[in-house]
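Listed in order, the protein sequences are those of chains X and V. Heads up, the first sequence is in our numbering, so the first residue is 70 and it goes up one at a time. Heads up, the second sequence is in our numbering, so the first residue is 465 and it goes up one at a time.
I should point out that these hints are in silico values taken from the structure, not numbers from a laboratory. Beta carbons are placed, not taken as given, at the ideal position from N, Cα and C, and that holds for glycine. Don't take each hint at face value.
[Said to hold, decoys possible] Reference listing, derived: stretches of chain X covered by chain V, where coverage requires no fewer than 3 residues with Cβ under 8 Å from a Cβ of chain V:
hint	stretch
1	248-257
2	260-272
3	321-333
4	338-352
[Stated by the list, open to error] Here are the computed distance ranges between Cβ atoms for each label pair:
hint	chain 1	residue 1	chain 2	residue 2	range
5	X	Ala114	V	Ala535	17 to 23 Å
6	X	Gln226	V	Ser916	34 to 40 Å
7	V	Met507	X	Arg111	26 to 32 Å
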Amino acid sequence: MQDFEYVAPTTLAEAIRLMNGNGLRTKALAGGTDVLVQMRGRRFAIDRLVDVKNIPELNELSCTESDGLTVGAAVPCCNIYEDVIIQRLYPGLVDAASLIGGIQIQSRATIGGNLCNSAPSGDTIPALMVQDATCEIAGPNGRRTVPVVLFCTGPGQNVLQRGEILVALRLAAPKANYGSHFLRFIPRNEMDIAVVNVGASVLLDHAKRRIVSAKIALGSVAPTPVLARKAMDFLAGKEATEATIEEAAEAAKSAARPIDDMRGTIKHRVHLVGVLTKRALQGAILRARGEE
Amino acid sequence: MTITGERGVGASRSYKVVGTSPIRHDGVDKVTGRARYGADINMAGLLHGKILRSPHAHARIRSIDTSKAEALPGVRAVATAKDFPIVQMQELDFGGAQRNSRMMADNDLAYRKVLYQGHAVAAVAATSPHIAEEALELIKVDYEILPTVLTWKDAMKENAPLLHESLTKRFTMDRSSQGKDTGVRSNVASQIQFKLGDIEQGFREADVTVEREFTTQTVHQGYIEPFACTASWGPDGRVTIWTSTQGIFGIRETVAGIMDIAESAVKVVPMEVGGAFGGKGIGYMEPVAAVLSKKSGHPVKMVMSRKEVFLGTGPTSAAFMRCKIGADKSGKITAAKLHLVYEAGAYPGSPVGGGASTGLSAYKIDNVLIDGYDVVCNKQKTQAYRAPGHPQAAFAVEQVLDELAEKLGMDPMDLRLKNVARQGDRAPTGVPHARVGFKEVMEAMKAHPHYSAPLEGINRGRGIAVGYRLNGGGSGSSATINVNADGTVNVITGSMDLSGTRVSIAMQVAEVLGIAAEDVLPQVVDTDSVGWTGGSGGSRITFDTGRAAISGAEDVLRKMAQRAALLWDVQAEDVQFKDGVFFCAKNPKDKLSFKELAGKLMATGGPVTCSAMDKQGGVGAQLAGNIVDVKVDPETGKVDILRYTAFLDVGKAVHPAYVEGQIQGGTLQGIGWALNEEYFFTPAGAMANSSFLDYRMPTTLDLPMIEAVIIEVANPRHPFGVRGVGEGPIVPPLAAVANAVYRATGARMYGLPMSPGAILEAVEEQQPKKR
Ligand SMILES: Cc1cc2nc3c(=O)[nH]c(=O)nc-3n(C[C@H](O)[C@H](O)[C@H](O)COP(=O)(O)OP(=O)(O)OC[C@H]3O[C@@H](n4cnc5c(N)ncnc54)[C@H](O)[C@@H]3O)c2cc1C
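The following block holds chain V by itself, in its conformation from the complex:
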C-alpha cells in the first residue's frame, strides 16, 4: 500500500490519530466469536419461521390454503400477505422508489401475483425449523401461470405482458426526483435523461467515432452472512426486532408502515453485520417475523439459507449499454452518447440513475446525451450493490475509450488525461464538479511502475480503466458523546458498522479531543437509544456520522472549557485547548489534560454529555483506477489475474489499513463480476446456480495480492478531507479486466461474464482466421 497526497488543505495537515491504523474496537469480539450476528438471538419460547417461495417466475395467486399447515403439531402461526394491514388498506403503488412500504410488503409476501421464482408467498412459525419446513409443504397455493418476462429485452418488446397493470412510465432529468408521470402503461418504469450541448454537432466535429453495445448479467453481493432476524411482539403492542441490517431506522419505518403502527412502537436492535454491500439496505423478513410473532404470541426467529438469499433477496441489475464516443485527431472528445437499460427486477427501482449520472462524469465533454431506462421483469427485485449502477456504465464507456485510444494511436491514459474533468467543469448532470482528484489519480496511474513494467510472455495483456463514483450521504446522522470520569468517552451512534466505521468515527473524535483512539469507546445502539440516523450506505458513515461526532466532540471541548474556567476562576474564553491539554491563556501554569479534567466533572457541575447531528449535501465524488495484467489460456479460455494495482482518491485515509481492505474487497468483487459471476436462469425463469458452488465468486486462490494506491486529495466538505471509500473500488474492474483480455487475446468482450467459454467464442468470432 502506498499513500500519496497533495499539499495544503485537510489531507496534509498533521494529525495525531487520523491516518494511523489502530486495532478496531470490535476486533476482539469478532475474532473470539463473542460478537453477535443476526442469527445469534436465542430466548425462551422462541419459534422458528420459514418462508414458502414461488416455484414460478410469473403467476397469479388464485388462492392459498394454509389449513393443513396450521393443523400440523408444532405449528403456531401461518401468515400470508393478507395479514399485513397495509395490504388491506391500500393498493400496490410505485411512488417513493426505495422506501415504499406498500411495495415492500408486496415483495416480502406476494399478494395478487408472484413476480419471480423465489418470491415469498406464505410463512410459518413452529417450535422447530424442521417442523416449519414440513408445514410449508402442506400449504397449497393455486397459481395461474403467466408468461415469463425474463429480461429487459422481453419486457420492452411491443405487446410484452405487463408485470404490473397499473405501472406507468415516468420521465425525469434529475436523479433525486421521480419526475413526471407520462401515463403510458409499460414495463418501463422510468426514463432518466441528461443533456449537454448539441450532440449532433459534437459528432460532426469528431474525426474518430466508436459505437458499441454491451451487456452485463444479474449478480449478487455475495455477503457471507445470510439475512437473519427475530421479532418479538409484546402484549403492549410494541414490537422489538433484532436484525442484521444496514439501517435500523429504515427497518423501523418499514415495519411500522406495513403493520400500520406508530414508528415509536417499533424498536430495532442492530446485530453485527456479516457483509452487506448495499444488499442489506432493506429487509425482507422483519415484517413477516412481526406478523408471525403477533399471531403466535411468541418471539419468532427467521434465518435464510444461501439458496433463499440468492432467490429471495435483491441482486443488482443485468444491463444493456450502447455507448458512442467521438473525438478529434488531437484526442479531444467532442461528443458522447450513452444509452442504458437496467433491469429493475420485479418492482421499479434499478440503479440506472447511478449509471447515467456517473458513466461519463470523469471527463469534460461539451456535447452529451445520456438516456437511462428502468425496466421491470420477472427477476428478483434488484437492490443496491456497491456503487449501484456505476460498474455497468463504466464497463461500456471505458472499453469504448480504450478502442478510441487505439484508433487514435494514443496512449489510453493520455486520452483520459486529455479529457479529464476539472473543478468547475459541468458534469453531464449539469452539476459543476467540486475539487476531486480526477487528474491526480490518472497521473498516479501513469507514473506507477506497473504502468510501464514490461509484460513478458505470450497470451498476456494489460488493461486500464478508471471509474467515477458519486458517493451518497446527507440523509442524516446523530451522535452522542458522554465523557467518563476516567478520561475515556463513549460515542453513541445508530450507524451499523459494515467496514470498520466504529474505529474511523472513534478516531475522528479522538483527534478532536486530543486523546488516543483506544480511549474512545464507540457504541452502535438501537432505535430507542439514539437520534434518527439514515442507513449505512453510499459510503457516507465515516463522512456523515464522522461529521456529527466531530461536532459533538467540539461541543464536549466547549463544555469542558467552561468547567476548567470554573476551576481556574476565569472566563471560558480564557481557556484554550491544544494537543489534548486545556490551559489558561492568562496563567499558563493552569493546565489540565483532557483526562485530568474528565476526573473533575462531577465536582464542577456534573457529567458532560453532548449530542449532535449532521445533515448536509453528501460526500461527493471520487475517482478510482485500475491497472491489471492477465494471462488467458488460448486453449481453454481461462483467465488468470497476474497483477493488479488499484488506485483511489480517498480524500483522507482515516485508517489506511482499512481503506486498503476496502480497495481490495471492492476490486475483488469487481473481478468476480467480470470473470464468472452471473445468475444463470432457465428459460422459465428459475435460477439454476443458487449456491456458492455454481455461483462462481473468486476464491483467494483466484487472485493475486491487490496493491492499493491511496491518493489523498482532501474533500473540502469534511474537516479532515474524508471522501468515503467503500464503493469506488468496484467501478473500474469490469472494464479494466475486459481491456486486459482484449490485449491478451485480440478479442473485445462485449458481454459479461468473461467466462472461459465466452472468451473462446469471442476469439473465434472476432478472429476467424487464427483458429
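The shape of chain X in the complex, shown without the other chains:
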C-alpha cells in the first residue's frame, strides 16, 4: 500500500471540495469495512481518503410514522436495527442491516457504504429497492435525488460523479397493510457473501387478501441488484394465495442472469431465486397482515 492522505472534514461543502480534489485519486470513507479491505487487497491506488463520519447531515437518523425514514450515509447498521420504530415500520431493512457481517462489522458498516460500494451482492440494496428508497446526493454542482433502483450501474459502479457524496437515504412512510421482508442464502449461518438475496414488499387491500402491488428485488444474480418486474406485474391485483406466490417465484427467475463462480453455480442461483422469492413474499404478506 502506498502512502495516502487521510482527511476528516466537518462540513459537507468541505467534504465535496476534498473529494473533488484537483486530480487526486480520492475516495470516501464511511465505516471502512469495504474500502479499507479493498485498499489492503490493492484493488485500487489512492491519494486521499475522505472520512465522512464527522459531517452532521450524514449522521442524521430520524423515523416517524408520518414523515418516514431518513438514514444519514454515515449511520452504522446497528443504530438502524436497534431503533424500535424502524424495527416496526421497516422490518425488511432491519432484516438486511442485521445480517451484514457480524456484530463488529455492523457497529461500523453503513447502509450508505453498502450502496456506494455497489456490489451485486450488497445486502441492503434489494431491501432498499423494494421500499422505493431514494438517494440524496450532494456534489460540486449542487444536490440531486436518485431512486435507489437507478443508483447502481455495474459491479462496483454507480451514478456518483466526481466529487459527489451520498448524504442520506430516504424512505417514504409505509402505508397501511404494507409489509416488507428480506432473505439471503449463504451456505453458512454468518459471515458470508450472498449466493442470492431477495427483498420483497407487498401492499394488500383493506381485507388483506388481495395484493394491490408488490416489489421484488434480486441480488447476486446480475451485474447490479435488479427488480423482478415480470413477477411484480404478475402479482398486482392477485389474491395472496400459495399458488400465486409460487407462480410469482417462478416468474422472478427470468430476471436472474447470474454467473458461475466460487459462491454458486448459475443453476443453483436461479433455483434459489425461486425459493427465496417465495419465502420473502410469504414473509412480507405475513407482516402486511400484522401476523408476524
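Following the hints, position chain V with the ligand against chain X.
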C-alpha cells in the same frame, strides 16, 4: 464429556495428577496478550521482507530483473533463488521426501520454473512493509507460460506435460521407505502398495459387493496465525531465527542446508504458535529472511497475509478414491480393494501413504489390495494436515461400508463390529495390531443414547462412521529437569506447544515426582538450549516428550534418594519414595517430602539436574468414531448439523478438558472439510477464494455443541497408557456427515464439498422422479 475406561493396566491405575484438568501454565500469558507469537518480534534496525509470487500456475522463468527494485529508496536487499547456496551447488532432486533441503529451497524461491500460482520468485527487504510491497511491483520476471496441469487427472493423462523433467516414479510396499526407482519419467512420483491374501478369491466368496468412486478437494488447515518469522544474520556468520513453527530443529536443518552452513551456526527460537495442524511442520520464509538479513546486514521480519497463506503454503491433497468391498451374507468382509490417487501439488510428497496404511485398518480382512499414487500437479505443494491422508480414505471406505450394511440389511455398527480388528490380527500393511480399543469405541457408539435416540422431523438423517488413526512419533525428544530449592522443578523441552502439551508433560512429571502440576514449570526453549527434538507432529508430544520427561523425573528421584541417604546416613537402596515423600525403610521416622528435600540439595552436594531422551517405536494406532444428525433443507440444499457425538480411544486422558478440546476441534475441521471448504481454482490454476470470506470454514454458529466421549484403553507403550489425541478426531467426520446426508436426502455424496448446490444436484441425479 464422558470418560469410560477398561479395567487393569495403566488407564485405570489411580493417579493424583494425571486425569485432572489444571489450568495451563501458559494460560495467563495467552489470555492477557503477553504471549509472543511469530509476528511479535521487534528490534533496532529491523527490516521488513515481502515476497513476489507467481501469477501463473506453470511457467518457466526466463529471467528476473531486480535492478529497479534495488534502486527504490528504502530497499536494502533483494533475493532470488540464486542467492541460496544449495541451488548453486546441486540440481533439484526428489529424494528424502519431506526433509529434502534442495526441494524446499525450490519451493521457498522458484529457480527455473514456477509450479503453482503463488509460488515465491523473489523477495525484498526494506525499511517499511509498504516500501517492500512497492518494490515488488518493480521486479520484472520474464515468464514463458506453460500448459497448466491442474489436477491429478490432468497429470496422469497420457502425454501430460511433465512438471519435473527429472522426476521418475518409485514403487514401495513400505510407508517408511522410498522404495525402488522404476526409472519411468512421469508426474506420478510414487506408488505404494499393500497386499494380503488372494483378492480375486475373496471377491468370489462375497455375496454382496459395493464399488464406488469418490473425490475430495484441496483444503487448508486454516490456522489463525499466518506464517511469521524474523532472521538476524550476525557478523560472526551465525544466524538467529525467531519463528512460529512445529519444529525448531527441522527449521535449523533446513536453513543450514539451504545456506550451506553448519547446523550449529543456526539458532532457532520458538515463538508461540497460533494454530498449525501439520501446516507448520515446515517453514517457507526462514531461509529467505536469512538471505535478506545476510545481504542487508539487518534483521529481517517476514509476515504472510492470509492470501499468501492460502497461496504460498501447503494445504492437503485433493484426492480420488475407488473402493470395492465384498461381504458374505453374514456380513463378514471377504475382500476389499482401495485405489487412492492423491495430489502432491508442485513437488512429490502427498500423504497417500497415510490413506493407504489406514483406510481399511480398523477391520480384519483377509484379502486386501491397496494401491496409492502420489501425483504432482500445478497446485501448492501439499503439507501435513491433521491425520494426513486418513480422512480422504475413510470418506470412501466408510461410505461403502454404509451402503454394504444397507444392502445386507444390517445395522451399520453391527457390520463394523462383526469385522472389527483385534490384537494380533494383521493390518493391510502386514503389521499385527497392538492392543487398541477398536471394539471398545464401536461398542461405546452403539451403546450411546445418541445412537438409539429417535430422530424426529422431516429431512433429517443420522450417520455414523469410524476412523482409524495411525499416530506418529519416535523421531526423538529430549527433556531436562532442574530441581529448584523451593521444591518446584523446571522441565525444559524443545517441543512446541500446539495444543496444551506444556501442561500435559508437566502433569506427567508431577505424577512421577509426587508434586502438584503447578509446581512443575514447563519451558519450551531454543535449539541451543535443549537436546535434539523432532517436531510437534503425529500426535506424539504428550507421548514421546512425555516419556522423555518421565524418565528424567525418575532420574531426579534416584538422585534425590541419594541425597536423602546422605542426610540419613544410610544406603541409597534404603531410601524409598511414595506419594511424594522420601522415607527410610530402616527408620520410618526419617522422612522428607519432595519439597523439603529440594531445600536441602545445596547442602548435600549441589543442584540436581537430569536430562533424558526418548526415541522409540511411535505412539501407535487409535480409533475415532462419530454419530451425527443433520437436517437438509430440500429447497436450498443447506445442511444444518443438529447433534454430534465424537468418540476417541485416547489411551489415557492426561488432561481431559484439553482432550475434549482436541476432539471438538478435529471434528469441526472435519465438518468444514465435509460441507463447504475447498480451494476453488480457475481453469488457469488461480485460486479464486483466497480469503476466509470465500474459503468457508465453519463458524461457531454453524455447529452444535460437539459431545466428546473419551474411551480409555491404555496404550501399552506408554507408562500411563497415553495414545495422543490431536489427529484421530478429524478422520471420521467426512464420511459420517455424508452418511447422514444420505439418510436425510436419499442421495449419496461421492464428492466433497457437500455444498448446498452439490447436494441438490446429487438429489436430482439420483432421484429424478422426486423433483
Ligand atoms: C467481515 C465482513 C463481512 C461483511 N459482510 C457483509 C454482508 O454480510 N453483506 C454485505 O452486503 N456486505 C458485507 N460486507 C461488506 C461491507 O461491510 C458492507 O458493504 C458495508 O455496508 C459497507 O459500509 P461501510 O460504511 O463500511 O463502507 P466503506 O467501506 O466506508 O465504503 C464503501 C464504499 O462506498 C464509498 N462511500 C462510502 N460512503 C460514501 C458516501 N457517503 N458517499 C460516497 N461514497 C461513499 C466508499 O468510497 C467505498 O467505495 C462485509 C465486510 C466485511 C469486512
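Those earlier numbered hints the structure runs against, lowest number first: 6
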